[in-house]
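For the protein sequence lines, the chains are A and B, in the order given. All residue numbers for the first sequence refer to UniProt numbering, where the first residue is 1 and numbers rise by one. All residue numbers for the second sequence refer to UniProt numbering, where the first residue is 1 and numbers rise by one.
Calculated directly from the structure, the hints in this document are not laboratory data. Where hints are given, some of them may not hold.
Simulated coverage check for chain A against chain B, where a stretch passes if three residues somewhere in it have a Cβ under 8 angstroms from a Cβ of chain B [what the hints assert, rightly or not]:
| id | stretch |
| --- | --- |
| 1 | 48-56 |
| 2 | 242-249 |
| 3 | 269-279 |
| 4 | 348-362 |
Computed cross-link-like contacts, DSS-like style, restricted to lysine-lysine with a CA-CA straight-line distance of at most 30 angstroms [unchecked claim]:
| id | chain 1 | residue 1 | chain 2 | residue 2 |
| --- | --- | --- | --- | --- |
| 5 | A | K51 | B | K51 |
| 6 | A | K299 | B | K51 |
| 7 | A | K441 | B | K441 |
| 8 | A | K327 | A | K67 |
| 9 | B | K441 | A | K487 |
| 10 | A | K536 | A | K594 |
| 11 | A | K271 | B | K51 |
| 12 | B | K51 | A | K327 |
Model, not experiment: these values are computed from the prediction. A virtual CB, placed ideally from N, CA and C, is assigned to each residue, including glycine.
Protein chains: 2
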Amino acid sequence: MSGPSGLTFAMEDAAGITASAAKPVPTPSNNLVTPLLTDLYQITMAYAYWKTNQHLRPAHFELFFRKNPFGGSYTLFAGLDEVLKFLAHFRFSEDDIRFLRNTPQLSHCEPAFFDDYLSNLDCSDVVVHAMREGSMAFPRVPLITVTAPLGIGNLIETTLLTLVNYPSLVATNACRMVVAARGQFWEETAGSSPPLRTSKSSSPPRSSHPHSGFRKSIQMTEGGMTDIRLRKPKCVEFGLRRAQGPDGGFSASKYSYLGGFHATSNVLAGKMLDMPIAGTHAHSFVQSYTSLELVEGAKLKPFRPAAGIGVETKDEEMVLLLPIVLKYRHDLGWEETNDGELAAFVGYAVSFPNSFLCLIDTYDTLQSGLRNFILVSLALNDLGYTPRGIRLDSGDLSYLSLECEYVFHEMAERCQRGFFYDLDIVASNDINESVLNSLNKQGHAITMFGIGTNLVTCQAQPALGCVYKLVEVDEQPRIKLSNDLEKVLIPGRKVAYRLFGEAGWPLLDLLVCRNETNRPTAGERVLCRHPFIEQKRVAVVPSRVVQLHSLVFDGKNGVVSGLPSVEETRQFVNDQINHTRADLLRYMNPGEYKVSVSENTFHFLHQLWQNETPVRELR
Amino acid sequence: MSGPSGLTFAMEDAAGITASAAKPVPTPSNNLVTPLLTDLYQITMAYAYWKTNQHLRPAHFELFFRKNPFGGSYTLFAGLDEVLKFLAHFRFSEDDIRFLRNTPQLSHCEPAFFDDYLSNLDCSDVVVHAMREGSMAFPRVPLITVTAPLGIGNLIETTLLTLVNYPSLVATNACRMVVAARGQFWEETAGSSPPLRTSKSSSPPRSSHPHSGFRKSIQMTEGGMTDIRLRKPKCVEFGLRRAQGPDGGFSASKYSYLGGFHATSNVLAGKMLDMPIAGTHAHSFVQSYTSLELVEGAKLKPFRPAAGIGVETKDEEMVLLLPIVLKYRHDLGWEETNDGELAAFVGYAVSFPNSFLCLIDTYDTLQSGLRNFILVSLALNDLGYTPRGIRLDSGDLSYLSLECEYVFHEMAERCQRGFFYDLDIVASNDINESVLNSLNKQGHAITMFGIGTNLVTCQAQPALGCVYKLVEVDEQPRIKLSNDLEKVLIPGRKVAYRLFGEAGWPLLDLLVCRNETNRPTAGERVLCRHPFIEQKRVAVVPSRVVQLHSLVFDGKNGVVSGLPSVEETRQFVNDQINHTRADLLRYMNPGEYKVSVSENTFHFLHQLWQNETPVRELR
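Could you put the whole structure together from the sequences, leaning on the hints where they help?
Here is the structure:
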């Protein structure tokens, strides 16, 4: 068996398989992703197949899930890029073989199993079709199909599941959070412009009660936002420290971004994936400054925008920042704010004058943190800089964000400084989808959410139950029955179609046996049946029909059409969400998207089911 | 700044720090564990510290959690080994520096920050104390303390949290499951002998109703097991495919084992950590055998134990297995079992005759799977082999396991085969702690649990909230206040003691300020106070006092006393659990373990709290 010649990107081609280009397929991002990253039973089964000479029988496997996570109506498919890297480099090392040979469970195995079979095994006989990475996917529709000899087809099962399950789960979670953060709909366009805010020119509404005006302005109604401003908070991933170890964190960063997040705090993800990173400072930074003396000498060069583009003036003198800050403190009568905190903000300001964003809840959010931020902001602004905002990490985020916004707007009028209208209010502290929805209902002034634990751990449902099932062997369809109806398999190799309606939205997905000649066609009526419930059926005249799988890996030629890029996939996710029925995106009790089988497939499934089920006897 | 000379194991020594031995400290298990595996705000803070010349101020940090996971009363500390590897190899690569220099947020930073500071930074000025890996730990008692200059002390925060949070969480989860699986108490001894069962000589109890006898025999009562047999099911980790990617799975395997699991299905974990692995076959294996013809030629060499040790006879003829199986099928009148399944079991038997364990729920557990297993087992046993058991992966595990056990015992009598009494009944399918407790109540005959999803994702609480806090800088204690009382910090550098009572069990943990001269001593009365609630206090006369932290990393000498071994740590966990008050191990509403402060520390904390809190004005 020769190695797969295609450890390279293939040139893109409409036909799919073509000659390979020079660019080699990278190895998996994680050095643990090797053929041994699998369950032992894959190896014991491989031996039993080999021993009984079944290992080369042609087989067909489907990787799919049975239920959408988070009580939702859809799942985003992710992880394909790492699957392709794994397949392209699949090889047991000599060291791996040595280990297996000495494993107690395998020590009795015939040497030829290791020497002739495992040692020479690669994926040159494996053919993989898959949905496009980032696709909205639905229960029972395969994400990936594998056509391969029984032995190798089985040996890759666990690794494929590992590489798809969590990425798909966290991408879906991220997407749901982004949808929730933005209110009802998500209509971001590529390039992600900053969130629209009230312009500096339009003075914010006021009312006699200090906050009522602002609260009202972003109150949600059943139908969506009634805000006079179009506020679309962004989401940033902060979860590394709470993830399942280093790689859990890395995967979380990557696939949250793919699902619509704007950035991650994870520097390594930024480096390895070329994605935006974000971060400013922590409580410890504030605590570490114990007195104002520590920043007495902190100086800053004034900044003057020239010709529309900000450039630093070279000749200007460095200016001490603290005296300006203290003058404002005196003038505003805010002498009681925490000195250490004020020192920390001054220290941060001279280090990051162009991106000054402070965590304000170390001692007291409104009495100390907010005021200290304003003092340093005014001084920075005097020197020509535009402060960026604040972060809240505890307390009532709705109340505090509105209160801060109110004070900012008050300061904008009092001091005639427009930047106060444009400040970011970042909120973190155990944010999840339910908190986002609750904040929308309460009203808030948050422009950016930092989400960690609940994003990366997928707290609401920490695992996606993807499975990898044998559906055909020797061209014979195989079924798996079970005491649990949910675990019954739709047997045989199938082709999947997405049928679109006149409105341009997907109507349903349809599974058709491969041998069936009658395929769905645009403009032609097709009967679509629920796979298990006889009474559920619907006739569809699709306006457009899209086949969901394409060839992505061909053993002989390796990876076809190159690896999907994260940016492209992210945009694809966004496009799909924007063309999805609103009821499918609903948080509570979303609509259900139909996954159907054709008339013939329905009958075929039920006949095989009958044949394979023994009739029980009760006495 | 020179590199830490101690990238080696130090020789064990009572005093702690000694000369290094030759064995180098390995690099972290995961190639992603580098200084860049951190949040961006650690780097921006480092710059602000450097820029304001604070980066070399001596500081002290504590890594701790605020709440036990899973509603429990304890947490197992894990992950220290990888922390030490990370510290020993901490160095930004040239490539890392290049990336940081070009990061938009850092592009304005002075070149000297990269060239002089980051490029030369390592952990040679870092001193780390820690609890022993595997320790039972309690809220607010530091797991790890770091004494280091402010800059580097901060830069390692996120990575340390990532390396401790998940390992500790999953080890705790595993330990709780092991305790639950075994009934009330866990008293395993080292070497882990197989579970005690009814011996072959004692015939099992019978009753007129087919199952009542067995059900009753393992019924649980409030006080624990009343079983006539001492049944202690084992737990095996099956979670790789549902973990947070490859490394999530790898960490899960390692730390579940540490927490008391017996094996993992993860082959790579077996190879890299030298831990037991387990696995047999999946549904797909059964499905792939389509007819009996496929195993018509399957032969096996009879096996005869000689001189107490099993050895294969070399000269004996190979025997066809299928005819023997079919004869039993005919004799027992079980012609209706599924042929493909029977073929698969025959195929598995000739491949693994000494460890024959079958998954029996592919078509119908009791009517087909169980009977096919028995048929092949009888044939195998005729040839001198001892079959191992069955696995159930769906349905009512209590009912099915008891039913299978009943049939096994019936077969044992009917065919006079003792092996039927010793078969393993493995159960999998969404097992969690609550299911284990429920199975104990219902009664079951399961001897081994395969636990995947709920173990590795820690479904019941998917994150442990470890934090890393600055408690002292320039020898001044630092406090962090918060709108959330729970987030208030106990300031200053503290020493932690575990006070044991006369019964040999721990009574409470006591935190004492480092400067305090009055330390707890065996036999002397000490007043222990709740850190926040004035009224809660208790006087303790400890029989034994153990200081909880010891030096584990000294910048100048590297890792002190070597890395903890997984096996030793596992034993240490076991020993502690066996010496813990039973109420602390309870599933529902466990007792609370006290974490106290000394009288002086109490007053010091409350005074600092007052000083740093601004007095709010309400008008």
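Structure-based check of each hint:
1. Only residues whose C-beta sits within less than 8 angstroms of a C-beta in chain B count toward coverage, and the stretch 48-56 of chain A has 5 of them, enough to reach three; the restraint holds.
2. Counting residues of the stretch 242-249 of chain A whose CB lies closer than 8 angstroms to any CB of chain B gives 8, which reaches the minimum of 3, so the coverage claim holds.
3. Only when three residues or more bring their CB closer than 8 angstroms to a CB of chain B does the claim for the stretch 269-279 of chain A stand; here the count is 5, and the claim holds.
4. Note: the stretch 348-362 of chain A has 8 residues with beta-carbon separation from chain B under 8 angstroms; the three-residue rule is met and the coverage holds.
5. Distance check on the hinted pair: A:K51 and B:K51 sit about 68 angstroms apart at the alpha-carbon level, beyond 30 angstroms; violated.
6. Restraint check for A:K299 and B:K51: the C-alpha separation of about 10 angstroms stays at or below 30 angstroms, so the hint holds.
7. Taking the CA atoms of A:K441 and B:K441, the gap is about 44 angstroms. The hint is violated against a cut of 30 angstroms.
8. With a C-alpha separation of about 61 angstroms, the suggested pairing of A:K327 with A:K67 is violated against the 30 angstroms cut-off.
9. Restraint check: the Cα-Cα separation between B:K441 and A:K487 comes to about 27 angstroms, which is no more than 30 angstroms; the hinted pair holds.
10. Annotation: proposed proximity of A:K536 to A:K594 holds, straight-line Cα distance about 10 angstroms (limit 30 angstroms).
11. For the given pair, A:K271 sits about 24 angstroms from B:K51 by alpha-carbon distance, which is consistent with the 30 angstroms threshold.
12. In summary, the hint linking B:K51 to A:K327 is supported, as the alpha carbons are separated by about 23 angstroms, within the 30 angstroms threshold.
Comparing the model with each earlier hint shows violations of hints 5, 7 and 8; every other hint is respected.
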